[in-house]
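Residue strings, one per chain:
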Amino acid sequence: MVKRQRPSNRYVILTLTALMTGLFFFVLPFVAQAGVFNAQKFTLKNGLEVVVIPNHRAPVVTHMLWYRVGAADELPGLSGMAHYFEHLMFKGTKKLEPGEFSRTVKKLGGNDNAFTGQDYTAYFQSISVEHLGRMMKMEADRMQNLNPPEADFISEKKVVLEERRQRTENDPRGLFTEQMRSSLFVNHPYAIPTIGWMDEIKTYEWEDVKSFYETWYAPNNAVLIVSGDITAKELKPLAQKTYGKIKAKKLPERMRPKVASAIGETKMTLEHKAIHQPYFQRLYLAPASSKFKEDALALYVLEEIVSGGPTARLYKNLVVEQKKAVSVGMSYSGDSLDYGTIWFSATPATGVSVENLEHLVDQEIVKVIKDGVTEDEVKDAIQRLQDQAIYARDSLAGPAMIFGHALTTGSTIDDIENWPEDIARVTAEQVQEVTQKYLSPYNPWIRPPVTGYVFPLDGEEEKKK
Amino acid sequence: MRRYIFLLIFCLVIIPVSSVAKEADKVLDIQEVTSPGGLTAWFVQDQTLPIISLKFSFKGAGAVNDGQEKQGLARMLSNTLDEGAGDLTSQEFQKSLSDHSITLSFGSGRDHFGGSVKTLSRNKDKAFELLKLALNEPRFDPEPVERMRQANLKRIKSNMGNPDWIVARLFNDIIYEDHLYALNSGGTLTTLAAITADDLRQYKKDWLTKDRLLIAVTGDITKDELGRMLDDVFGSLPESGKKNNVTQIDVQNQGKVFTYNKDIPQTILEMALPSFPLDDPDYPALKILNYIYGGGGFGSRLMEEAREKRGLTYGIYSAPLHQEYMDAVVISTSTKNETAEEILDVVRTEIQNINAEGVTKEELQDAKSYLVGSLPLSLSSTEKISSIMLSLQLRERSIDYLNQYKERLHKVTLRDIGRVAKRILDIEKMVVLAVGKPEGFESSQEIKELPNVE
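Chains A and B supply the protein sequences, listed in that same order.
Residue 216 in my numbering is what sits at position 216 of the first sequence, and the numbering runs on without skipping anything.
Residue 344 in my numbering is what sits at position 344 of the second sequence, and the numbering runs on without skipping anything.
It is possible that part of the hints are untrue.
Computed list of lysine to aspartate or glutamate pairs in EDC-like fashion (alpha-carbon distance at most 20 Å, straight line) [said to hold, decoys possible]:
hint, chain 1, residue 1, chain 2, residue 2
1, A, K316, B, E92
2, B, K309, A, D141
3, A, K94, A, D171
4, B, K157, A, E100
5, A, K316, B, D263
6, A, K273, B, E449
7, A, K95, B, E454
8, A, K273, B, D263
9, A, K316, B, D141
10, A, K273, B, E454
11, B, K262, A, E271
12, A, K158, B, E341
13, A, K158, B, E454
14, A, K323, B, E454
Hints were generated in silico from the structure; no laboratory data involved.
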């Protein structure tokens with residue numbers, strides 16, 4: 001899950017979230033020539049990786065710096081530190097006043113923002129290409145010279161607490177989803193929400209912050225991505241003049257324990273007065289695409305067949321034909337370093353119990369395990385996924401987002417560029433195999449899923465239906 | 001500033017090289033295309049990607065025409081137009097969209113009813129054929145109509161626990177009060193149940209007419225192809241239909257403070273001030289004033305005071321709201337219940353500060369730099385370009401409006417800002433809604449029920 005700070009308005013958050021969770025797997029390139037985006041790459045002597053995605057439609061660029069550190073790298077007791085630190089990065093350096101970074105970007109006609117995930121922290125500006133050099137200079141400055149005044153350090157904690165209230169605490173459904181993730185990732189840091197726990201955010205000390213910065217913020221722990229009206233040849237001297245002057249650091253190993261295996265299925269129930277419509281959702285542990293690439297590709301095809309719109313299996317069978325649900329969906333997300341997830345969620349039709357609907361969703365999965373999917377379903381799904389890669393190019397920041405995600409979660413430039421060819425390899429047998437491997441009710445991968453049921457407080461009646 | 005590459009291509013092919021430099025001053029080169037049958041569209045040709053985006057709107061055909069008894073009718077129409085048309089059942093229609101990677105959707109706002117098609121150019125004939133069917137021969141079969149009704153009913157029930165949705169519902173009821181705008185464009189549990197296929201047919205016939213139609217197209221298509229497509233897709237729609245029967249109003253309940261008690265840790269605040277319409281000569285100055293006051297995010301008066309200095313909130317924004325029958329400036333934020341009163345005080349104090357001291361020369365300059373400089377960022381995809389062109393038409397702007405955008409903003413002076421501040425920034429007129437358990441709001445009017453939901 002991605003938490004971002006500094007939205008320019010409430011609605012931008014939604015757009016960007018959709019972009020980030022949705023676009024990565026659609027990243028497919030479609031042009032057979034060199035790759036979808038024809039990205040160029042070089043590495044500076046200090047270890048900074050640089051990716052350039054030329055797009056000369058307009059004289060603008062998106063400049064993004066991704067660090068290979070996220071919420072899953074925090075020390076025990078300091079949950080949310082990576083995200084809180086991201087906020088502090090706007091609070092001034094030896095050269096810039098607090099807030100001056102964003103004000104400068106705005107004055108130059110640009111937009112800036114940042115966001116934190118479990119595996120990465122990223123900063124970006126979209127701006128006229130003539131100001132790119134200045135952006136790089138400022139971004140390089142805060143990689144090494146961050147210096148927030150004490151008053152800002154304290155007031156920003158309050159801001160993050162308000163952010164957590166707004167995103168999660170105001171709606172019991174947000175808290176419940178957070179709790180489901182926590183229950184799935186036993187023994188693994190993905191169990192802790194990116195934004196952190198309320199009580200721990202309050203306890204950060206300046207020493208904790210300083211040590212986090214000194215440990216992780218270094219050129220050899222970052223990826224620079226620039227998309228827009230620029231080439232690698234033009235960018236390289238700029239990169240050398242700015243980021244190139246910063247010394248590499250010796251980086252610690254990222255400690256990532258494994259999710260503990262388990263045999264009992266976890267079932268959770270929420271009954272709450274703010275809930276008026278019952279539903280259920282289920283969360284499976286799934287493979288990270290960087291570790292199990294072929295499985296991940298097949299899971300994306302499965303997702304398209306099962307949940308890719310109103311003619312896909314789940315909606316067609318349960319909503320249109322059987323009238324047991326009003327909405328139902330499945331989504332696979334594999335763009336993480338250690339593990340991915342598969343979510344199912346469904347809202348029952350009037351007169352149908354949540355348990356009954358859950359059983360019917362299970363039946364749809366069992367059907368795939370038993371009978372497989374058809375060659376036609378696979379062929380159509382592949383075509384749609386390839387087409388989505390073409391649409392993915394119709395954006396300035398989107399492609400940079402795709403590369404940033406991939407390169408900070410263990411995937412490579414080739415994985416992105418060759419997506420259309422890679423996805424075309426997926427067969428009906430593979431789709432059946434991955435369904436059996438990751439979604440089997442009898443023989444779960446590592447551990448059984450977590451299922452959550454949500455009811456109105458006085459929902460006894462609804463449940464019995 | 002360099003011009004767009006598609007502009008370059010266009011210039012090189014069609015006009016002599018000598019005029020290229022002059023063309024380079026343009027932000028966006030919009031052409032007006034008139035079909036053989038007399039329909040017009042605004043068009044930007046862009047062949048960098050094999051993609052076409054078509055957006056259109058029936059001006060004034062939105063939910064404001066639903067009526068009390070059929071709230072949600074326009075929305076239901078937008079949900080069902082693409083659920084089967086001509087010989088194609090709902091599933092066949094959707095399968096054809098999906099098989100060709102076409103995105104086709106309809107949507108209804110309070111004022112207008114619109115639609116959007118995005119397709120790869122290799123599938124354009126299929127995309128336009130499906131759009132034509134949806135607009136001219138929708139079936140409104142019982143199965144999809146009932147399915148969409150159920151989806152809307154469940155959407156409302158799900159939202160009844162969503163604080164942001166509750167705020168929006170209440171706020172509409174307060175600022176529009178007895179006006180048609182105050183009705184629930186998403187429908188109520190009662191009115192949705194009463195909507196029939198005949199209602200949908202009649203609404204389409206009455207409102208989706210050629211005299212209201214505005215079209216914007218961007219991407220990989222030629223002028224000739226576009227002209228033929230316009231006639232084919234839209235040519236058979238009725239020439240005209242019903243006339244709107246809506247009155248112009250001002251923000252209602254000015255000067256009042258309302259609360260709605262909800263057991264959540266934050267108070268969500270929504271405020272409105274009366275404003276003036278888009279064709280007012282002070283519009284550019286209002287845009288700048290809003291940016292300085294609360295529209296600009298970081299650097300704006302509200303954000304600096306409430307978030308950066310005091311840590312009261314994750315976000316606080318102001319935005320002009322221009323509709324066909326009402327104009328306002330809206331301010332929104334959220335903060336923990338204990339500091340609800342404090343943040344409302346910030347909102348008021350910053351208004352008083354601007355009224356007393358005006359804004360600085362630097363603030364004015366920075367606002368102009370941002371608003372002018374960021375314009376190309378809003379033109380960075382095929383769909384964004386179509387959206388802007390459609391919005392310009394809905395706002396009755398001229399086709400070269402964007403090319404004069406810079407000049408218009410640059411003309412605004414500190415004196416203009418002062419005048420607009422006097423016209424708009426008046427705390428006596430501000431209406432406030434607080435949802436949560438706000439402290440310090442004892443003298444406010446408490447709202448007990450959510451109107452137009454059940």
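Hints, verified against the model:
1. Proximity of A:K316 to B:E92 is assessed by CA-CA distance (about 11 Å); at most 20 Å being required, the pair is judged to hold.
2. Under the criterion of a C-alpha separation no larger than 20 Å, the hint pairing B:K309 with A:D141 is inconsistent with the structure, at around 23 Å.
3. About 40 Å separates the Cα atoms of A:K94 and A:D171, which puts this hinted pair outside 20 Å; it is violated.
4. Of the pairs offered as hints, the one joining B:K157 and A:E100 is violated, with about 44 Å between alpha carbons and a cut-off of 20 Å exceeded.
5. With a C-alpha separation of about 38 Å, the suggested pair A:K316 and B:D263 falls outside the 20 Å cut-off, and the hint is violated.
6. Restraint check for A:K273 and B:E449: the C-alpha separation of about 15 Å stays at or below 20 Å, so the hint holds.
7. Between A:K95 and B:E454, the direct Cα distance comes to roughly 58 Å. Violation of the 20 Å bound is thereby established for this hinted pair.
8. Restraint check for A:K273 and B:D263: the C-alpha separation of about 10 Å stays at or below 20 Å, so the hint holds.
9. At roughly 16 Å between alpha-carbon atoms, A:K316 and B:D141 fall within 20 Å of each other, so this suggested pair holds.
10. For the hint linking A:K273 to B:E454, the alpha-carbon distance of about 17 Å falls within 20 Å, and the restraint holds.
11. Note on B:K262 and A:E271: the hinted pairing holds, with a Cα-Cα distance of about 17 Å set against a maximum of 20 Å.
12. For the given pair, A:K158 sits about 17 Å from B:E341 by alpha-carbon distance, which is consistent with the 20 Å threshold.
13. With a C-alpha separation of about 38 Å, the suggested pair A:K158 and B:E454 falls outside the 20 Å cut-off, and the hint is violated.
14. Restraint check: the Cα-Cα separation between A:K323 and B:E454 comes to about 23 Å, which exceeds 20 Å; the hinted pair is violated.
The structure is inconsistent with the numbered hints 2, 3, 4, 5, 7, 13, 14, although it conforms to all the rest.
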